[in-house]
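Novice: The chain contents come next:
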Amino acid sequence: MLRPFTKVVRLMWSVAAVGFLLGVTTEVGNTVRDLCFSSAAIAGGFGARYLGKGALREGVANYPSELRYCLHDPGLPERVLGVLDGALTWFAYAVLFFLLMRLLERAASEGVHTAATADRLRRLGWFTLVAMPVVTSAEAVVRLLLLRQAVTFDVPLVEFLFDWSVPWWAVVTGVGLLTLGKIMRTSAEMRADLEGTV
Amino acid sequence: MSRGNALEPLTGVVSAVFALSLGAFGLTTAIRLTIGLFDPVCFTAKYWPHDAEGRDLVAGVRLDDVDRVTLCVDDPVPWQHVLDFLSEAPTAVTRVGALLLLLLLLRRAALHGIYTPATAADVRRFGHYLLWVLPAAAMVESIARTTLVHAAVTFDAGFASFFGEWEAPWFAVITGIALLSLAKIVRDGAEMRADLEGTV
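So the protein sequences, as listed, match chains X and V. Per my numbering, the first sequence starts with residue 352, numbered consecutively. Per my numbering, the second sequence starts with residue 729, numbered consecutively.
No wet-lab data here; the hints were simulated from the structure. Computed from a prediction, not measured in an experiment: that's the story for all the values here. By construction, the Cβ of each residue, glycine as well, lies at the ideal position given by its N, Cα and C atoms. Among the hints, a few may not be true.
What the hints assert, rightly or not - Okay, the calculated beta carbon distance ranges per label pair:
| # | chain 1 | residue 1 | chain 2 | residue 2 | range |
| --- | --- | --- | --- | --- | --- |
| 1 | X | 477 | V | 884 | 46 to 54 Å |
| 2 | V | 896 | X | 508 | 12 to 20 Å |
| 3 | V | 736 | X | 506 | 29 to 37 Å |
| 4 | V | 887 | X | 506 | 37 to 45 Å |
| 5 | V | 895 | X | 457 | 42 to 50 Å |
| 6 | X | 546 | V | 896 | 38 to 46 Å |
| 7 | V | 743 | X | 362 | 30 to 38 Å |
| 8 | X | 361 | V | 835 | 29 to 37 Å |
| 9 | X | 474 | V | 923 | 28 to 36 Å |
| 10 | V | 821 | X | 424 | 29 to 37 Å |
| 11 | V | 765 | X | 361 | 14 to 22 Å |
Claimed, not checked - Quick look at which bits of chain V chain X covers, simulated, 3 or more residues with Cβ under 8 Å:
| # | stretch |
| --- | --- |
| 12 | 751–764 |
| 13 | 801–808 |
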């Protein structure tokens, strides 16, 4: 019954886990390469020049909206920040899909309408609702801290808001999962009733 | 059965988000149709090679790449305004539509009960909507944006570039597939409920 979805979730879990491990190992193992990160925070203040084929037409202005900076020979604090950038969201996605995968597997073996499934749904709902916004905003702050190391002028910390895309889907889906948890609890009781009457 | 207000936190949140996003969309559309007609048309271009001139950078820091660039057409012609609208509105409209569908689903479920064949059909429809309509809207936006870029540059990057900027809203795809499974569960529950009512 849960068939197409379980497969998708298992695939997403593998992708997120591999992404997390690869990201961390390459960042930790890398001691030679420059530390690079992207930021949209103050990009509009710089100028951009078109390098492609042809040219910009007259009356067309251009400015960068997201830039990639590279720090040459960064210190340990910057390296740590560099590992956190990217690793945090990959980790959160890996945990999210792991929770979801375990929920589906247990639901498939123990039954969907059980109190245990309801509890797992609620836990997954809270995780989606809280962890995803926290993790994505933490990453935006990490990138801003790196950006502060890259420019000579002072960048206020609140500028991270320009680099943070709020995961609204996680908020709505999280609340949806909490509701689904409630519904499953009711139906678990209903199922117990049914088994009691038979 | 003590169902109470099982749908409550969700209905409240969805109503609030729906009202907010409808208001925000109405406001931006109103601005776009009045003051916006005299403003330059601006759009984001990805994967179009640019070089950035950095200043006030710490020694040893270099600007490696321009990930995204914003292009602004100072004196846009009407069709550029239309494309500008098409490059931002489809996602907003389909999201408001998704919230409306969800709201209707919740209202009907609260009225007729959650474990009914009608709710199962609603959930299924909602799942298909998220799975197909939202990625299609993102595709329309990608095509509109790329057309705008092509008109701003004296170079045609070819047909394939129209899809290069397409960012599939994968969360909508996953949630959509999840809802299809949920619809099966609800249908199953509806049968179970019918059994229960039959035995009592």
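Novice: Looking back at the hints listed earlier, which ones does the structure fail to meet?
Specialist: Numbers 2, 3, 5, 10, 11 and 12 - these are the hints that the structure violates, sorted from lowest upward.
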